[in-house]
Amino acid sequence: MFEHVIIGQYLPGRSILHRMDARAKLASVFFLIAAIFLTNSWTGYAVLGGAAAVIYLSSGVPFRYIRKGMAPIFLLVLFTFFIHALFTREGDVLLSLGAFQFYEDGVIQGLFIALRLLLLVFLTSLLTLTTSPIELTDAMEQFLSPLNRFRFPAHDVAMMMSIAIRFIPTLMQETEKIIKAQTARGADFSKGSLKDRAQAFVALLVPLFVRSFKRAEDLAYAMEARGYNSGAERTKLRQLIWKTRDTAACVLIVVLVAALFLLRE
Amino acid sequence: MKAVTLQNVHFQYEEEGPAVLSGVSASIQHGEWIAVIGPNGSGKSTLSRLFNGLLLPRTGEIYINGKSIFSDDDLPVIRREVGMVFQNPDHQFVAPTVRDDIAFGMENAGVPREDMLQRIETVARQTGVEDILDKEPHRLSGGQKQRVAIAGVLALYPSIMVLDEATSMLDPNGKQEVLHTIRSLHASSDVTILSVTHQLHEALMADRVWYMENGRIIHDVTAEELLHNLDWLQEKNIPLPYAASLYQSLAHKGISSRSLESFLWREKSR
Ligand SMILES: Nc1ncnc2c1ncn2[C@@H]1O[C@H](COP(=O)(O)OP(=O)(O)O)[C@@H](O)[C@H]1O
Ligand SMILES: [Mg+2]
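As they're listed, the protein sequences go chains A and B. Quick note, the first sequence lines up with residues 2 to 266 if you use my numbering. Quick note, the second sequence lines up with residues 28 to 297 if you use my numbering.
Under 8 Å between C-beta atoms, here's a sample of chain A residues computed to sit facing chain B:
{"#": "1", "residue": "M224"}
{"#": "2", "residue": "N230"}
{"#": "3", "residue": "L238"}
It is worth saying that the hints were derived from the structure and are not from the lab. Keep in mind the model is a prediction, meaning the values are calculated, not measured. Every residue gets a Cβ at the ideal spot worked out from N, C-alpha and C, and that includes glycine.
Bound-form chain A, shown alone (with noise of 0.2 Å):
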């Protein structure tokens, strides 16, 4: 059943996009998620919808990956939109449908929060799709690590995330031969009421968490005895490298984000 995990959505490649530097790739998206909240005009749209085109030319990611990405957040566009369409009483009245009235401000409200939407996870998307998890938490443990002044345990951060990803397959394989272990001991998880399902699910989550938990202990011995000291100063085997296209890409999104401020009405 999960033999074929991907963890993440991460689709590994040699495009321009996979080859960058992850922090290149976490600023350059963080600058552009800003100026997506920045814009309100339709020039500010266009540039941005350009850009995220030429962004996604570069990732070599098949559609269908980044459709299926956007699947989930498609009802919630649609409902944000009519939410706006239909609240933002102001401009002339475009359409009347008995009881309810669409304005002409109250329409371009919802589809611009609807294309901050979708552009949002389009980016995001991209970003997930062309790094992996591991260069991901590289990256935000270097950004977060100047907090490491005001106590914040940015590298104890980073570690815990980076093992949640690595247990994530275990868990899978840990719950495919519990369903079976159940399964064979006449629990059904696919069939009968919501009581009797919710047992069986009960059934399936109780090992899942002792299990998890004995494991936590085991992993802390194995940590401790490996020398692992969180607050102290490690080296890094995986390094981040930093190249004259990174510095590039990231010079080319702030001029553009200064632009789309530029824009703005």
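Fit chain B with the ligands to the supplied structure of chain A, relying on the hints for placement.
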């Protein structure tokens, strides 16, 4: 100087709790391989966790290469000198890939990156994991994971290696792989080894065997002496291989293999 010296070690987990180790004294020479056997709950795992200060004795002394386990200054050094491999292959694999996991201990010890890369090559060859360096843990067999754990420990150049039932959760192939790795390590280096095991045939590969019971080392004999005292083994109820012990306990209940067999056939045809 001995690799390990234990002097009248007492240990209990809780203040008011039962004594788990009561007066353990022993020593290990450099390069020696000690196997620890004994019934469940006799304190084997507890003893092995004292070797690098994961647990500290209530009273008594432990010296590792002449350094006291109670010295705060020496403890980080001792942690590096004593490598530990635990029972469950999945509960000690910390990093996302084999290469990262081998590096984990070195990263903690502050080994420079260039040295890390070189040491990973060396220990991966020593443990036979050089072809799986980029694999993720969930794509490895138990035996492979345990060899990665051994590689991660070896990369820190330990002088003592403690394995607490490192083969007990593996399939027969995995067991063979790991035992082979330990044996070649023992033959080709002067690493001191302490391995806890339930398997008599594994214990007999060691130079010396400690038999523990109720928190004490009752017998401290060479593997050869052990072989010549099979009566004593029987008397001590030393766990026989699983099939044999199942047979034995059935026999104790008055069930012969024949009556069990006909019972099972009858059940099946019902
Ligand atoms: N974390 C713990 N807290 C309290 N008691 C423990 C703990 N771990 C083990 N014990 C107890 O210590 C005794 C020895 O356990 P252990 O060293 O694991 O034995 P062995 O490895 O020989 O089976 C057992 O009675 C066990 O219940
Ligand atoms: Mg044990």
